[in-house]
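As a plain string of letters, each chain reads:
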Amino acid sequence: MKVVVQTAEFDPWKEVADYQARYLPKGKHGGTVVFVGTMRDFNEGIDGITSMYLDHYPGMTERHLERVCQEAMQKWDVMDAFVVHRVGAVLPDDAIVLVAVWSRHRSMAFDAARFIINDLKHRAPFWKRESTVDGERWVSGNTVDHATK
Amino acid sequence: MKVVVQTAEFDPWKEVADYQARYLPKGKHGGTVVFVGTMRDFNEGIDGITSMYLDHYPGMTERHLERVCQEAMQKWDVMDAFVVHRVGAVLPDDAIVLVAVWSRHRSMAFDAARFIINDLKHRAPFWKRESTVDGERWVSGNTVDHATK
Amino acid sequence: MKINVKYFASMRDRVGRSDERVELADGATVSGLWGAVSKDALPENTLIAVNMEYTDLSHVLKDGDEVAFFPPVTGG
Amino acid sequence: MKINVKYFASMRDRVGRSDERVELADGATVSGLWGAVSKDALPENTLIAVNMEYTDLSHVLKDGDEVAFFPPVTGG
Chain A
1 MKVVVQTAEF DPWKEVADYQ ARYLPKGKHG GTVVFVGTMR DFNEGIDGIT
51 SMYLDHYPGM TERHLERVCQ EAMQKWDVMD AFVVHRVGAV LPDDAIVLVA
101 VWSRHRSMAF DAARFIINDL KHRAPFWKRE STVDGERWVS GNTVDHATK
Chain B
1 MKVVVQTAEF DPWKEVADYQ ARYLPKGKHG GTVVFVGTMR DFNEGIDGIT
51 SMYLDHYPGM TERHLERVCQ EAMQKWDVMD AFVVHRVGAV LPDDAIVLVA
101 VWSRHRSMAF DAARFIINDL KHRAPFWKRE STVDGERWVS GNTVDHATK
Chain C
1 MKINVKYFAS MRDRVGRSDE RVELADGATV SGLWGAVSKD ALPENTLIAV
51 NMEYTDLSHV LKDGDEVAFF PPVTGG
Chain D
1 MKINVKYFAS MRDRVGRSDE RVELADGATV SGLWGAVSKD ALPENTLIAV
51 NMEYTDLSHV LKDGDEVAFF PPVTGG
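Residue numbers (my numbering), protein chains in the order written: chain A, 1 to 149; chain B, 1 to 149; chain C, 1 to 76; chain D, 1 to 76.
Among the hints, a few may not be true.
[Said to hold, decoys possible] No more than 16 Å apart at the CA atoms, straight line, and that leaves these computed lysine to aspartate or glutamate pairs for EDC-like:
(1) Lys2(D) - Asp26(D)
(2) Lys28(A) - Asp94(B)
(3) Lys26(A) - Asp77(B)
(4) Lys2(A) - Glu15(A)
(5) Lys14(A) - Asp47(B)
(6) Lys28(A) - Glu15(B)
(7) Lys26(B) - Glu15(A)
[Said to hold, decoys possible] Quick list of simulated restraints, FRET-style, between CB atoms:
(8) Asp77(A) - Ser31(D): 22 to 32 Å
(9) Gly64(D) - Leu91(B): 39 to 49 Å
(10) Glu44(D) - Arg137(A): 16 to 26 Å
(11) Thr29(D) - Asp18(B): 28 to 38 Å
(12) Arg137(A) - Tyr54(D): 22 to 32 Å
None of these hints come from the bench; they were simulated from the model. For glycine and all other residues, C-beta sits at the position ideal for the given N, C-alpha and C.
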């Protein structure tokens with residue numbers, strides 16, 4: 001299990017491939033579910049978002065995400081979980097967040113990945129400030145996943 | 001939207017990266033959900049599965065999967081869907097199936113990806129024959145996803 | 001009328017062939033087709049497709065139809 | 001006792017600083033700390049963490065605690 005909070009740009013598909021090759025035993029996981037959140041150039045009805053700044057609470061953010069991953073691994077039959085999240089300056093089409101979960105069975109992988117990303121969106125201390133053609137603004141809130149428990 | 005049924009081995013993460021670079025407009029999709037099914041070296045309590053043969057119904061399989069992807073794209077706010085499935089000889093740790101869904105919002109991407117893989121598992125004409133140390137056998141059935149509607 | 005029949009996976013092993021062409025009287029159903037190709041009852045859970053669409057034993061066939069018999073699917 | 005206070009995102013903009021050290025009487029709560037650092041009411045929906053764990057205004061502080069005030073999170 002690994003949680004990374006970084007300012008550097010990342011290729012989510014390469015990150016998953018590298019993590020799997022390095023940490024997952026061969027022939028044991030039947031299902032992998034990956035969620036990637038990508039920066040859009042529109043949000044809450046506003047077009048023309050040119051860049052974004054992601055603030056976080058160093059220390060608490062990592063600790064919170066590690067605990068959520070541990071909780072998911074205990075709650076479902078999950079073999080491994082991997083989370084990467086960008087902070088600092090982010091541009092449209094950049095990957096912001098990656099959540100990857102490996103399990104013996106697909107339903108466990110889906111439930112665990114969704115649990116992690118929903119907790120991350122609603123509880124992990126990150127804040128987005130968008131730069132639009134009209135200026136800057138803090139994003140007010142994340143949408144609720146209808147499947148959130 | 002694309003459905004590929006192939007005998008050749010594939011790297012699911014590279015497939016997703018290539019498809020996204022080629023077909024997805026930049027800055028429009030907020031959430032991507034990917035499911036990858038990987039061949040395990042055990043199944044239904046049997047260890048030591050050395051290889052597998054995947055049979056299918058050429059023509060019907062592709063048609064069925066294309067229709068399922070179209071249904072998912074209509075039912076949820078899905079921008080694009082991509083499915084790759086192996087047939088023929090498959091070895092442990094090989095990727096068998098890839099389902100990738102791009103959407104503006106994560107909950108739509110999760111629901112659509114899960115819908116596609118569940119339909120594929122229960123309705124798409126594929127059949128697995130496993131080779132174990134004790135001989136060959138047709139796999140009897142797929143497990144039900146508790147979230148299947 | 002002529003019907004093209006296909007068998008997949010364990011159904012192919014059971015029937016002992018992968019496909020065949022069968023001559024049937026007009027108005028025959030999938031059930032009648034099965035009676036013409038096998039003396040055994042159709043195994044429970046067998047799936048049926050006519051022209052690559054799922055259907056059932058009561059489906060009335062037309063000349064040139066492709067009918068497939070196969071066990072529950074196990075892909076993914 | 002000495003308390004380390006941190007402000008993030010719009011809370012930092014509102015308070016006008018990112019962190020500070022505050023001297024409080026023993027037994028003070030997070031609510032008392034807020035009264036010491038600001039004349040305004042705590043904005044609705046403000047989240048509170050003490051030593052990087054979520055808590056609420058009634059939390060009784062100890063010497064050396066790190067208290068953070070921040071708005072609803074918007075990561076992912």
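Hinted pair Lys28(A) and Glu15(B), Cα distance within 16 Å: Between Lys28(A) and Glu15(B) the Cα gap is close to 22 Å, so the pair fails against 16 Å, i.e. violated.
16 Å Cα cutoff - pair Lys26(B), Glu15(A): Outside the cut-off at roughly 20 Å; violated.
Given hint Glu15(A) paired with Lys2(A) - CA-CA distance at most 16 Å: Distance of about 12 Å is within 16 Å: holds.
Glu44(D) versus Arg137(A) beta-carbon gap, inside 16 to 26 Å or not: 19 Å, holds
Pair hint Lys28(A) and Asp94(B), alpha-carbon separation not exceeding 16 Å: With a Cα-Cα distance of about 11 Å, the restraint between Lys28(A) and Asp94(B) holds, given a limit of 16 Å.
C-beta pair Gly64(D), Leu91(B): status relative to the range 39 to 49 Å that was hinted: 57 Å, violated
16 Å limit on alpha-carbon distance, applied to hinted pair Lys2(D) and Asp26(D): 9 Å, holds
Status of the given 22 to 32 Å range, CB of Ser31(D) versus CB of Asp77(A): At roughly 43 Å between Cβ atoms, Ser31(D) and Asp77(A) fall outside 22 to 32 Å, so the hint is violated.
Pair hint outcome, Lys26(A) versus Asp77(B) [Cα-Cα no greater than 16 Å]: Measuring from Cα to Cα gives roughly 35 Å; hence the hint is violated.
CB-CB spacing for Tyr54(D) and Arg137(A) relative to the 22 to 32 Å hint: Distance hint for Arg137(A), Tyr54(D) holds at roughly 25 Å.
Pair hint Lys14(A) and Asp47(B), alpha-carbon separation not exceeding 16 Å: 31 Å, violated
Distance restraint hint 28 to 38 Å, applied to the beta-carbon atoms of Thr29(D) and Asp18(B): 56 Å, violated
Violated hints, listed in ascending order, are 3, 5, 6, 7, 8, 9, 11; each of the other numbered hints is respected by the structure.
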